[in-house]
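Sequence lines, in order, name chains A and B.
Residue numbering for the first sequence follows the UniProt record's numbering, beginning at 1 and increasing consecutively.
Residue numbering for the second sequence follows the UniProt record's numbering, beginning at 1 and increasing consecutively.
Keep in mind that the hints are not guaranteed to be accurate.
To be verified - Just so you have them, the derived chain A footprint on chain B, three or more residues with Cβ under 8 Å:
hint, region
1, 6-13
2, 41-47
3, 57-71
4, 174-181
5, 238-250
The set of hints was computed from the structure by calculation and includes no laboratory data.
Bear in mind the structure is a predicted one, so any value in this text is a computation, not a measurement.
Positions of the beta carbon are idealized from the N, C-alpha and C atoms, including for glycine.
Number of protein chains: 2
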Amino acid sequence: MPELRKDPVLGRWIIIAEQRGKRPTDFIVEETTTSGGFCPLCPGNERTTPPEVLAYGRNGDQGSDMPGWQVRVVPNKYPALVIEGELDKQADGLYDKMNGIGAHEVVIEHPDHQVVFSALPPEEMVLVFRAYRDRIIDLERDSRFRYVLVFKNYGRAAGASLEHSHSQLVALPILPRKIDSELHGAISYFNYKERCVYCDIVRQEMRQGLRVVCENDDFLVITPFAPRTPFEMWILPKKHSSAYHQQSDQQLKLLTGVFSECLRRLDACIPGVPYNFVLHTQPLRSQPLEHYHWHFEIVPKLTSIAGFEWGSGFYINPMSPEEAATFLREAL
Amino acid sequence: MPELRKDPVLGRWIIIAEQRGKRPTDFIVEETTTSGGFCPLCPGNERTTPPEVLAYGRNGDQGSDMPGWQVRVVPNKYPALVIEGELDKQADGLYDKMNGIGAHEVVIEHPDHQVVFSALPPEEMVLVFRAYRDRIIDLERDSRFRYVLVFKNYGRAAGASLEHSHSQLVALPILPRKIDSELHGAISYFNYKERCVYCDIVRQEMRQGLRVVCENDDFLVITPFAPRTPFEMWILPKKHSSAYHQQSDQQLKLLTGVFSECLRRLDACIPGVPYNFVLHTQPLRSQPLEHYHWHFEIVPKLTSIAGFEWGSGFYINPMSPEEAATFLREAL
């Protein structure tokens with residue numbers, strides 16, 4: 001059983017998901033794998049994954065776990081957390097821990113093994129954003145979970161272990177530290193100003209224009225004022241909303257428009273750059289929050305920069321967001 | 001002039017140190033460099049670095065910036081922060097920024113280009129820990145600075161850009177977010193328990209023995225209860241102390257004993273593994289703190305694990321610290 005453990009000073013929870021029998025040297029740097037060989041995410045191999053929890057695109061007379069889907073969500077075969085069991089919160093002296101209960105799912109973004117997410121046509125990409133929404137709505141009904149972390153690792157350097165285009169959902173019984181810190185920061189701003197800090201960011205960025213990458217009626221893409229890396233981007237709804245999973249199909253279509261555009265701009269600046277994106281949204285079963293604002297953060301993985309920052313939490317960024325936004329606007 | 005910028009939600013400061021004229025593709029993943037070629041850190045090349053700010057090991061009649069040293073500290077030739085100027089704190093709408101004033105120094109750990117830090121004999125390694133202390137004492141006199149971040153990147157994957165064994169000091173006009181979070185967590189524990197949380201950790205770890213890697217009379221090395229990666233280690237003084245720079249030569253000798261031992265144990269488990277270590281100590285010009293406890297954190301860089309954790313602040317660790325401690329104890 002995996003275990004959730006809390007750092008007694010920082011309050012940060014981590015998952016211990018032991019891969020028993022591994023030796024220390026099994027954790028050393030892996031080489032990039034090349035394509036070829038069996039892919040469990042490809043159509044025709046549906047029976048090699050755990051049974052699907054969602055699929056879009058099949059017509060009525062095609063059964064589940066069969067080809068014909070456009071987007072398919074399955075439990076992770078090697079989950080970091082397990083779905084069955086009780087949390088069993090415990091103390092061990094001054095330490096806190098609980099069983100590693102949670103859901104860990106894989107969103108297979110397209111049937112074609114070769115396709116790259118950023119190159120998906122918007123009418124296909126939108127299904128991925130609908131899958132995130134619909135899985136959050138479903139997982140919210142499990143009262144053991146407090147948050148669903150949605151993220152994508154693109155490229156081996158960003159942590160992707162399978163080539164077939166996919167993203168992941170992890171339903172957690174705790175709040176990830178970063179989200180918790182954001183909620184704290186946002187509420188202290190709200191208590192002082194009686195305004196949402198992200199709404200103020202949207203207004204200032206639209207007025208200044210210095211860090212705007214692209215936009216449409218409902219969404220804004222910026223390089224944030226204090227970015228960790230060159231080309232970090234945030235995608236924010238222009239109108240206040242704290243819950244991603246309350247977006248309509250029409251809003252997700254508009255989200256897809258700017259998401260697709262900014263990834264293509266990033267790829268035009270640095271072809272094939274690995275990146276992570278993470279959805280930031282309100283905790284499960286929360287009332288709508290006046291002080292929080294859902295958004296995506298896209299962080300390119302530029303290993304010439306990542307280094308001690310990872311250990312110290314302190315970032316040195318060799319490119320201003322104003323310059324990065326200029327490059328991104330001029331790409332394409 | 002580099003710039004310090006604050007994230008308006010998280011309160012995290014980052015440095016924008018622009019390398020003008022760089023193109024986006026200049027930030028893509030670099031290949032590991034091999035040895036050979038000119039090394040500005042080698043003896044005989046002292047005139048190619050900025051003038052030294054500290055050197056140990058020369059005898060009386062050898063001049064500064066000449067060979068004969070054992071450990072030498074010089075300003076970074078390509079500093080992330082600059083030493084000359086005023087902070088000039090400013091608002092830009094809802095954002096906060098200031099000039100990138102600070103010191104950025106390189107600690108050259110040994111004259112021999114080929115030497116590896118973990119293989120240094122303790123009587124030579126101790127000079128490195130004395131250099132950290134003596135530079136902090138000197139930098140504390142500059143009232144613009146609030147913190148000195150001391151860290152080492154070993155191996156290209158951990159961010160080292162020069163092969164010659166070295167570590168770095170960055171004097172900052174702000175507190176790094178991680179240290180700030182630790183101070184907050186530690187004081188809230190103290191307010192509740194009236195004890196230092198790190199002292200409680202030391203007591204519990206010594207009693208349980210499960211996560212102890214090695215120890216001597218004054219220092220304890222553990223794998224922490226909630227580690228980010230396999231083989232993460234913390235080195236703590238057993239007796240309460242919040243300020244690294246108040247350690248005597250004798251205490252630094254004892255520190256060196258366990259530091260050297262645990263790095264050799266790590267290297268025996270995963271030969272040549274890249275790592276970062278970071279000194280965590282109290283802010284500059286602070287009174288001794290009852291609630292805080294200086295320590296070092298050593299984080300191996302295992303890229304098969306690092307991935308989205310970096311973007312989300314959420315860690316999945318495939319090895320328990322109890323198992324890692326067993327491997328480390330049995331090594332050597």
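Taking the hints in turn, this is what the structure says about them:
| no. | hint | verdict |
| --- | --- | --- |
| 1 | 6-13 | holds (count 8) |
| 2 | 41-47 | violated (count 0) |
| 3 | 57-71 | violated (count 0) |
| 4 | 174-181 | holds (count 4) |
| 5 | 238-250 | violated (count 0) |
Hints 2, 3, 5, counting from the list given before, are not met by this structure.
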